[in-house]
Amino acid sequence: MLLPFVYAILQSLKPLEEIFAYPPRFFVTNPSFDNYQMLSTLTDSLWVPFSRSVLNTVFVTVVGTILTIVLSSMAAFPFAKYNFPGSKFMFQLITRALLFVGPVTQLPRYLLMAKCGMINTYFALLGPAIAAPMGLFLLKNFMGQISTSMMEAAELDGAGMFGIWWRIVLPNVKPAILTLVILCFQSLWNLTGTSVIFDEKLKLLPTILEQVSTSGIAYSGAAAAASVILMIPPILVFIIVQSRVLETMAFAGIKE
Amino acid sequence: MKKRELRKDLKKYRLCYVMIAPYMLLFIFFVLVPILISFVFSFTDFNMVEFPPRFNGMNNYIRIFLEDDDFLIAIRNTLTLAVIIGPVSYFACLIMAWFINELGPALRAFLTFCFYAPTISGSLFVMWAFLFSGDQYGMLNSALMTLGISDEPQQWLTNTQTMLPIVIIVQIWMSFGSSFLSFIAGLQGIPRSLYEAGSIDGVRNRWQELFYLTLPSMGPQLLFGAVMQIAAAFSIGSTITSLMGYPTTDNAALTMLTYINDYGSMRYEMGYACALCFILFAMITIVHVVVERIIKKYASA
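Protein chains in written order, with our numbering: chain A, 1 to 256; chain B, 1 to 301.
Honestly, the hints are just simulated from the structure, not real lab data.
Being a predicted model, the structure only gives us computed values, none of them experimental.
Here a beta-carbon is modelled for each residue, glycine too, at the ideal position from N, C-alpha and C.
Incorrect hints may appear among the rest.
Per label pair, the in silico range of CB-to-CB distance [said to hold, decoys possible]: (1) A21(A) with F110(B): 32 to 40 Å; (2) I235(A) with G134(B): 30 to 38 Å; (3) T214(A) with I286(B): 40 to 48 Å; (4) L103(B) with F27(A): 30 to 38 Å; (5) Y61(B) with A114(A): 47 to 55 Å; (6) R192(B) with T214(A): 26 to 34 Å; (7) W47(A) with I149(B): 54 to 62 Å.
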């Protein structure tokens with residue numbers, strides 16, 4: 001299962017003549033860091049500083065992940081625990097939307113965003129990411145398992161709805177929240193945003209790396225190096241966060 | 001009388017509406033309205049050039065069902081792939097999550113990472129192209145020829161016999177994604193006391209524990225996993241396009257998703273692409289309703 005990583009790393013260490021060697025080989029005979037050096041030369045020659053695109057992607061990823069977790073968990077809680085008028089219908093809509101796969105919604109969404117002046121702003125990236133129904137659906141399902149008696153006890157102690165959400169619900173669905181962090185981080189980090197971001201200063205890291213490394217066949221090595229560098233943050237986040245998921249040992253009394 | 005009750009309810013639950021409002025507004029704007037617009041498009045001849053598009057009633061749907069032979073191929077392939085990949089990947093995720101959960105902490109973390117790795121590496125399945133490459137230097141071909149099993153290189157990625165099996169292998173290999181992680185997270189939430197009570201009630205071995213205690217208390221996670229795996233199993237497309245290109249030999253690996261992309265982004269027949277999308281949506285919804293029923297019967301959700 002780890003083979004793709006091994007392959008990517010080996011590929012990035014190959015000098016150009018080995019990348020295009022025929023017959024192609026899996027292993028590298030003369031490993032070198034030339035590709036990484038070439039990548040840094042290429043990124044230095046951009047007229048918008050390279051660090052800007054790194055900052056852009058970090059901003060979009062961090063803000064997007066936090067907002068997704070906060071807004072989705074805030075909305076998931078009433079859906080999971082209260083039977084308010086319209087709740088069933090709205091939740092059905094969300095579930096159905098989750099099942100709607102198809103690239104055809106991109107165009108109407110683009111037209112809507114263009115009408116509202118969102119093109120070339122990060123609203124156009126963050127909005128669809130936060131509105132994706134997956135996080136809400138995941139959290140709602142986990143929240144359904146929290147015992148009502150625990151919530152009632154908190155209510156008797158004078159906690160309001162927000163208090164219960166913050167102090168009872170969120171700590172009890174920690175494994176689900178952490179899982180969502182992993183999923184959000186990964187998808188936001190890899191966003192290219194090429195269909196809505198055209199301003200050179202606002203472009204994201206994956207787009208910039210692709211721009212420099214696919215501009216000629218001689219840069220194939222740099223492209224391989226870029227894909228390795230791009231993979232590192234999601235891997236680190238996965239390792240750190242997932243180990244905390246596995247730490248949360250179950251204790252009695254969470255569930256009914 | 002009823003109106004007054006509703007008003008009372010609305011007042012009583014007013015905080016609920018406050019809490020869901022920010023998400024719902026974003027959902028309506030970025031998800032729901034675009035889907036509704038596509039639905040309207042599916043009854044037009046929208047081609048992305050002429051504005052405004054003209055309504056042509058059910059024409060797109062009639063054309064799909066009565067005149068379009070490629071559609072039948074796409075439906076057949078999509079169903080074949082979904083019927084095999086959906087259940088296999090679902091149960092593989094479940095069994096692996098359960099198995100991993102029994103191990104020590106370090107090994108558990110490492111194995112979770114291994115299984116999730118193909119999902120992180122995303123586009124790296126080009127590696128498979130190297131493995132199945134059609135010349136004598138492709139890894140599979142050179143292995144088969146060195147071992148003397150075959151005399152000449154096999155065209156794995158363009159042979160109509162081997163294309164779908166390869167898609168199935170690659171797709172199952174990368175299926176340990178969000179539902180796998182949700183199963184693992186769900187297993188962390190099962191209280192130990194449940195197992196203690198179970199052993200008093202006469203649960204004897206690990207399998208009984210799985211079927212009588214673990215799974216029934218994982219209803220919500222099982223439902224989530226089902227939705228994600230069903231949607232994924234019906235929307236296989238980018239794997240095929242990047243391994244085998246488009247169009248594939250004799251359309252042998254044509255799926256609904258690659259077909260939709262064809263109409264949407266190559267032929268610019270957006271109205272037709274939208275109609276195809278809603279047919280796919282109807283199929284997924286039917287399967288989901290059935291699967292949801294089965295899971296709810298079995299586990300409390």
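Quick rundown of the hints versus the structure:
1. For the hinted restraint 32 to 40 Å between A21(A) and F110(B), the CB-CB distance of approximately 33 Å keeps it satisfied.
2. At roughly 32 Å, the beta-carbon separation of I235(A) and G134(B) lies within the given 30 to 38 Å, and the hint holds.
3. In this structure, T214(A) and I286(B) meet the distance hint of 40 to 48 Å, their C-beta atoms being roughly 42 Å apart.
4. Range check, L103(B) to F27(A): Cβ separation about 31 Å, and the 30 to 38 Å hint holds.
5. At about 29 Å, the CB distance of Y61(B) to A114(A) disagrees with the hint of 47 to 55 Å.
6. Distance hint check for R192(B) and T214(A): the Cβ-Cβ separation is about 53 Å, which falls outside the suggested range of 26 to 34 Å.
7. Restraint check, W47(A) to I149(B): a C-beta distance of roughly 56 Å satisfies the suggested window 54 to 62 Å.
Checked against the numbered hints given earlier, this structure breaks hints 5 and 6; the rest are met.
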